[in-house]
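*Asks:* Listed below, chain by chain, are the residues.
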Amino acid sequence: AQTVTQSQPEMSVQEAETVTLSCTYDTSESDYYLFWYKQPPSRQMILVIRQEAYKQQNATENRFSVNFQKAAKSFSLKISDSQLGDAAMYFCAYRMYSGGGADGLTFGKGTHLIIQP
Amino acid sequence: NAGVTQTPKFQVLKTGQSMTLQCAQDMNHEYMSWYRQDPGMGLRLIHYSVGAGITDQGEVPNGYNVSRSTTEDFPLRLLSAAPSQTSVYFCASSYSFTNGANVLTFGAGSRLTVL
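Same order as they appear, the protein sequences are chains A and B. With positions in the first sequence counted from 1, the corresponding number in this note's numbering is that position plus 3. With positions in the second sequence counted from 1, the corresponding number in this note's numbering is that position plus 33.
Only chain A is shown next, with the shape it has when bound in the complex (with noise of 0.2 Å):
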C-alpha cells in the first residue's frame, strides 16, 4: 500500500515570506498523481496543485508550486508571497494513475501553516 508522510505536523511563516512545506511517499507504481489540498477552519478541503509523475516539469498555480523529485519521492509546495488567507491546514495526497481500487487517495497527516502578520 502507499503511505505518505508530512514530517511537519507545523509551519509558521510571516507574512510575505516563503514557506516550504515537506511531503515524502512510497509506492511501487511509475505512474500516478499528487496533490497539495487546503484545509481552512471552514473545514473545506480545496485543491491547490496537482502532479502528474509522467511529467518532469514541476507545476506552478500562482504562487503555489511544487519540486517534484521522483526518484528521491518527494513532492514539497512552496508558497512565495505568503498571505494571511493562506492559513489553514495542508494535506499533501496520492492517488494511482488508474484511480486505485481500495486506495482511492492516500493522504498525509497534514501540516498546519500559521500566517504571522
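Simulated from the structure, these hints should not be mistaken for laboratory data. Every residue, glycine too, gets a C-beta built ideally from N, C-alpha and C. Careful, some of the hints might be misleading.
Residues of chain B placed beyond 10 Å of chain A at every Cβ, according to the derived structure [to be verified]:
| id | residue |
| --- | --- |
| 1 | S66 |
| 2 | A115 |
| 3 | L148 |
Using C-beta positions, here's what the derived DEER-type ranges look like [claimed, not checked]:
| id | chain 1 | residue 1 | chain 2 | residue 2 | range |
| --- | --- | --- | --- | --- | --- |
| 4 | B | N98 | A | Q5 | 42 to 48 Å |
| 5 | A | S83 | B | S100 | 31 to 37 Å |
| 6 | B | P72 | A | T6 | 29 to 35 Å |
| 7 | B | M52 | A | Q47 | 21 to 27 Å |
| 8 | A | P43 | B | D59 | 20 to 26 Å |
| 9 | B | D59 | A | S83 | 34 to 40 Å |
| 10 | B | T38 | A | D34 | 28 to 34 Å |
| 11 | A | A4 | B | N98 | 22 to 28 Å |
| 12 | A | E64 | B | S100 | 44 to 50 Å |
For chain A, the structure is supplied; the task is to place chain B on it using the hints.
*Replies:* Then chain B, alone, in the frame of chain A:
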C-alpha cells in the same frame, strides 16, 4: 451548480444509536467516496462506489454501510454508533474512476460526535 452536498453538518448521537449521513452530487460523477478525518490522522477512505449499484470497502470500513441506488446519492449508515466513530466525515466525488487525473470534489463535511 451545488457540487457535493452533505447533510447534516453537525450531529450528536448516543452510543448504540443509528443514523445516516447523506451525500448528493449534481455533477453526474461516476465515482463517490466517504472519508473520515480524525485529529492527527489525515483523511482515511471508508467506502467508495464506482457507479450505481456498485460499492466497495476502503481502508476503514468497519461499522459503516453504504449503498448507491442512484448516480446522485451515496448515503453512509452507522448501524450502532460507537465513540470511536466520533469524527468529521467527508463525501467526495469525481468523473471516471479509472482516470486518476480526475480531481475529487469534496463536500463541506459532517461533524459527528458519539457520546
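*Asks:* If a hint holds in the structure, say so; if it doesn't, say that too.
*Replies:* Structure-based check of all given hints:
Not every C-beta of chain A lies more than 10 Å from that of S66(B), the closest at about 6 Å, which undercuts listing it as non-interface. No beta-carbon of chain A comes within 10 Å of the beta-carbon of A115(B); the shortest separation is about 22 Å. Listed as a non-interface residue, L148(B) keeps its Cβ farther than 10 Å from every Cβ of chain A; the least gap is roughly 21 Å. Distance hint check for N98(B) and Q5(A): the Cβ-Cβ separation is about 26 Å, which falls outside the suggested range of 42 to 48 Å.
Between S83(A) and S100(B) the Cβ separation comes to about 46 Å, which falls outside the hinted range of 31 to 37 Å. Take P72(B) and T6(A): their Cβ atoms lie about 19 Å apart, and the range 29 to 35 Å is violated. For the pair M52(B) and Q47(A), the beta carbons lie near 23 Å from each other, so the given range of 21 to 27 Å is met. P43(A) and D59(B) have their C-beta atoms about 24 Å apart, which keeps the hinted 20 to 26 Å range intact.
Checked against the given bound of 34 to 40 Å, the beta carbons of D59(B) and S83(A), roughly 36 Å apart, stay inside it. Here the CB-CB span from T38(B) to D34(A) is close to 33 Å, well matched to the stated 28 to 34 Å. Taking the beta carbon of each, A4(A) and N98(B) are about 23 Å apart, inside 22 to 28 Å as hinted. The supplied range of 44 to 50 Å is broken by E64(A) and S100(B), whose beta-carbon atoms lie about 37 Å from each other.
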